[in-house]
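With the sequences and hints as input, model every part of the structure.
Top line first, the protein sequences correspond to chains A and B. Start counting the first sequence at 1; every next residue gets the next number (the working numbering). Start counting the second sequence at 1; every next residue gets the next number (the working numbering).
No incorrect hints appear here.
Covered stretches of chain A, as calculated for chain B (at least 3 residues, CB under 8 Å):
no. : segment
1   : 68 to 77
2   : 166 to 175
3   : 189 to 196
4   : 243 to 256
Just so you know, these hints were derived from the structure itself, not from any lab. Glycine included, each C-beta is placed from N, C-alpha and C at the ideal position.
Protein chains: 2
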Amino acid sequence: MVLVAVDGGKTKTTCIVFDEDGELLSTASAGPSGVMLASDLVRRNVWSSIIDALSKVDLTVDSVEVFSIGLADIDTRKDLERAWVIVKNLPIPSKADVVVEHDAVTAYYAVTYGDPGVAVIAGTGSIAFGMNSRGERARAGGWGWVFGDEGSGYWIAREALQAAAKACDGRGVETKLLDAFMKRFRLVEPIDLMEIVYRVMGGDSTRIAELAVLVDEVAEAGDEVAIDILDRGGAELASACYAVASKLDMVEEPIVVGAVGSVFKSRILRDSFYSRLERKLKRARFEKPLIGYQPVIGSAVICFRRLNLRDIRSKVEKLRRGLEELSR
Amino acid sequence: MVLVAVDGGKTKTTCIVFDEDGELLSTASAGPSGVMLASDLVRRNVWSSIIDALSKVDLTVDSVEVFSIGLADIDTRKDLERAWVIVKNLPIPSKADVVVEHDAVTAYYAVTYGDPGVAVIAGTGSIAFGMNSRGERARAGGWGWVFGDEGSGYWIAREALQAAAKACDGRGVETKLLDAFMKRFRLVEPIDLMEIVYRVMGGDSTRIAELAVLVDEVAEAGDEVAIDILDRGGAELASACYAVASKLDMVEEPIVVGAVGSVFKSRILRDSFYSRLERKLKRARFEKPLIGYQPVIGSAVICFRRLNLRDIRSKVEKLRRGLEELSR
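The structure is reproduced here in structure tokens:
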């Protein structure tokens, strides 16, 4: 049985072809396909990644049982409509089963394998997504870099830059963050941080988010302001997780809680996150954070679920090993 | 004596020609000339506004005593260098006196007429700028929309959007802000706010800042969350003002404190701002906020100061009346 999983991200599209045992048959990638982009471009990139991956092993789209496509930027109803219009216009045979999901949903599947619970995803942005035993869904956070994404890499970096600016002005507590930023960019004066953030980085959230690593270093070296930012970040992510569990009446349930994304590399943020949740979700099973998560895996889990297969965990493990071998 | 004042803003450039008594002779405008833009464009717009205004009254650049040019976006040393390169390449006769200043400095002159004190400017962005009796300068805030501008229109709007998102998720306190935003944009679901902020507004700080008026309305109607945002906004601006006064050793001095910009229209923010400062700057004279401030006036005050003229206030009043008559 041939299965196809796609992850359409903001920077690239990944497709894997595999079978119902989790044997990886082939992979391919193409340009970006987040729903924010032009429909034609998204369609072209999704399709070429699929065709490339299949043709490498001499398969055609007719042989595929399930297509699971995860796409970035599906937030509003309009986004989901856009996504469906794009996918419906792909020349997929009508007998095939096709699933399209927000990339937070695919991440959720990668963490919980579809069991009731909540996944908290924190990279450049952040969001919590969950599902209960009745299949009801809820999300919290994920409102983007302007008015959301609390606890994300961008949020951490922005809080740190702000703390540095306040310290420089004499409006805030002294912090080593200012020195750290100045050293990192070899600045002569603190105000030159503006040159870096607005001109060099163009105010871009992805580039700014990369500074979160520096915040963690300064915090690990004992800086109270940096520690406080990471502690608050963990609290924000825990709060989003708890909000989802509440909405889905799962606070007293034996649910799975998983964390996904590079932000959870930070020990301080992680401790803050888990300690707060352990107090509030007493029956939850807390999974180790997935760092270096490959979103296409979540999309693959959805394929297995569609087929009502058993023992998905071992299939996913096999698939992961397949991907690892490939990347060597 | 012919004087020329220019305000080079992010959306347009305004030039006024006037005499040493404050008699308005002529005005002209051109496209934008903030220093963030291409040097050629800035040079062209500044120069055409000057030439247009002079030619309307049959004057040439040779007759001008002082050119005072205020430009947006002069933050770092590099910005100031850029500004000077632009201005030095203008065909201004070498005998003329030429001043180039950050637009926060021109706003400061419009508020204090050059007397020791602090001006707090809060529109789309925010900054505090001050000068003491020894001519020393200091600023606080003004780090832009990513990691500064606390208390600005953008900051208020962002805090309000965030509060609405948190309320919607069940992560925060309930607030009428969510309803207000949904009504304003006729949204079906709260998540559609993302469509508005990121697609319709393109995440643009100026457009988002316009929502601050709505926050004030909701606060005036009694919403505690909205009131808290404006109260914190006022506190942030007061803190920036106090930081400047401290840096310049003016905390115990009889200084002038003035507020400039549309954000000070909000009674709640204004009360928060003044009440905090009155407690901390006991000998300060608090000017009424300048709402509907014309930045070119600040540039004109600099001209008068360069000439060491007396009774600048009445000259400025005359100039203001001249501009008002013209706009009728």
